[in-house]
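*Asks:* Those sequence lines, one after another, are chains A and B.
Heads up: the first sequence at position 51 corresponds to 528 in this note's numbering, and the numbers run straight through without jumps.
Heads up: the second sequence at position 209 corresponds to 652 in this note's numbering, and the numbers run straight through without jumps.
FYI, nobody ran anything at the bench for these hints, they're computed from the structure.
Among the hints, a few may not be true.
Some chain A residues judged to face chain B by a derived CB distance under 10 angstroms, without partners named [to be verified]:
| hint | residue |
| --- | --- |
| 1 | L607 |
| 2 | R610 |
| 3 | Y611 |
| 4 | I618 |
Quick caveat: nothing in here was measured; it's all calculated off a predicted structure.
In this text, a Cβ means the ideal position worked out from N, Cα and C, and glycines have one as well.
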Amino acid sequence: MFRWDVVGQNLFSQLFLNAAWTTLWIAVIAQTFGVIIGLFLALMRVSRFPFLAWPVRFYVWLFRGSPVLVQILILYFGLPNVFPSLVTYITVYSATLIALSLNEGAYMSEIIRAGITSVDTGQMEAAKSLGMRYSLAMRRIILPQAARVIIPPLGNEFNNMLKTTSLASVIGLFELTYTAQVYGSQGFVIFELLIVATLYYLVLTTLWGYIQNWIERRIDPDRATKAGLREQKGWTGRVLSFGSPRSDWTLGGGPPPGK
Amino acid sequence: MSIEQSNGYGVEMVRAEQIVKRFGHLTVLNGVDLSVKRGQVVVIIGPSGSGKTTLLRCINHLEKIDSGRIYIDGQLVGYREVNGRLVEDREAAIAHMRSQVGFVFQRFNLFPHKTALENVIEAPIYVLRQPRDEVTKRAMALLTKVGLVEKAHVFPHKLSGGQQQRVAIARSLAMNPKLMLFDEVTSALDPELVGEVLKVMRQLAEEGMTMVVVTHEMGFARDVADHVIFMDKAVIVEQGTPEQIFDHAENERTRTFLGMIREE
Ligand SMILES: Nc1ncnc2c1ncn2[C@@H]1O[C@H](COP(=O)(O)OP(=O)(O)OP(=O)(O)O)[C@@H](O)[C@H]1O
Ligand SMILES: [Mg+2]
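Produce the entire structure from the sequences given, and follow the hints as far as they go.
*Replies:* So this is what it looks like as structure tokens:
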């Protein structure tokens, strides 16, 4: 029989609040490192040096082509076996964070690369002809424009990340899923506690959904125009509000050529 | 010494020797020589695909060349000589050369995430490392000069093509270039907007700016050019004063081309 009272008791318990907090910070940190790794990989991938691009292809192939669950297991059980000196460094936390970050880096690198290549080539040429070096042009001209294209899929990636953290349960990290499993089987209330965990996941992803909507509205050209966001000077205003009602340039447009 | 010489007028600003440029098997420039003196306005005309854009892009090394040499103000462009062989120059050296050469594109290429003013001040601040307030003052003066000071805080997509192109010219001028390259800067514009851009270019020419201009605007070429070059099929076919080219062209291809242009 399903015990609603157990669900009620655990919904706001310290135990589950802690577990939810763990899920959240693991996801935030892994996503952050994923973005940083992805940015570096993407920059290597778009560089004109093949010796930089090839390792990235390999990396992406490796991490996208194998399950993240296996990657977590390899880091936690496999590596210390082969390199005993690593034992002190490999904890459930570090193994999870490293595996999730490396894996996310592969996905983010593809997203960021797509963002960079969506910027019209004329932008890099204009920057160069003003005397900018490649790195400066990338930082000041290309990446801010690529950000508009990168941010929506980045939001989806974080939604996924919130849920992917549950895989850390296999190595015994007390995030939401493992917490529900352990305490649920102790008291024969596993179904009830898994429901509690599910409710927490739903809250986290729903809240993120609202934040994502808010961000995407800011970078959505038409709404940004209506709200007059372009005149804002805050960082979101600066970074995100350069939308245009004719946002053809994000798609490599610019004014139509010809007569 | 004449006054002209003491001003540097007449000294060679651009010198290109036997430029060869290929894209795969296609030879786009086949031994092109060019000489532009300081203060001169050189206009390049020619049919589509003749290599005009490519020549301009080679001058500021947006394209590598397969052989030949280009000098700007006596300095070899894009390459260094090492034991008699040419090797491509360091990025910093190429960037430094480009910072002294303005390039205006057919499609403007303004930075869409920056206002008109921000477009103009970007390179002086981040490339030349000049103080922001000083640069801003100069940028406002330049925007006034191109007639757009009231659009300083407007983003490019809210400007007409002609206005965008004038901002692009101001953006180049903010670097105090010693040479300006213009690649068909009016051909993406609606006809009624062409005049305002040409007016700015005329004024620049009068002020003594050294300019290489690729254009289909024959009226402009006739009035403003000191020297006209007609290119066809990867080579310079004929060159001379505007009168020589427009009124007394010797080459059959030049006459045919000009005839077609006049009919349009
Ligand atoms: N990046 C490139 N790769 C391959 N071919 C190119 C490239 N750029 C130009 N070409 C070719 O080189 C030739 C000369 O091109 P270019 O743009 O210099 O001509 P143009 O005289 O400027 O013509 P238009 O009046 O149409 O602008 C053309 O046949 C063109 O297709
Ligand atoms: Mg051209």
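*Asks:* Against chain B, with CB atoms and a cut of 10 angstroms, does the hint on A/I618 hold up?
*Replies:* holds, 6 angstroms
*Asks:* Do the numbers back the hint for A/L607, that is, is its least Cβ distance to chain B under 10 angstroms?
*Replies:* Holds. Min distance 4 angstroms.
*Asks:* Grab the minimum C-beta distance from A/Y611 to chain B and call the hint holds if it beats 10 angstroms, violated otherwise.
*Replies:* holds, 7 angstroms
*Asks:* Please check whether A/R610 passes as an interface residue: C-beta within 10 angstroms of a C-beta belonging to chain B.
*Replies:* With a closest approach of 5 angstroms, the A/R610 hint holds.
Figure legend: structure checked against the earlier numbered hints; every hint is met.
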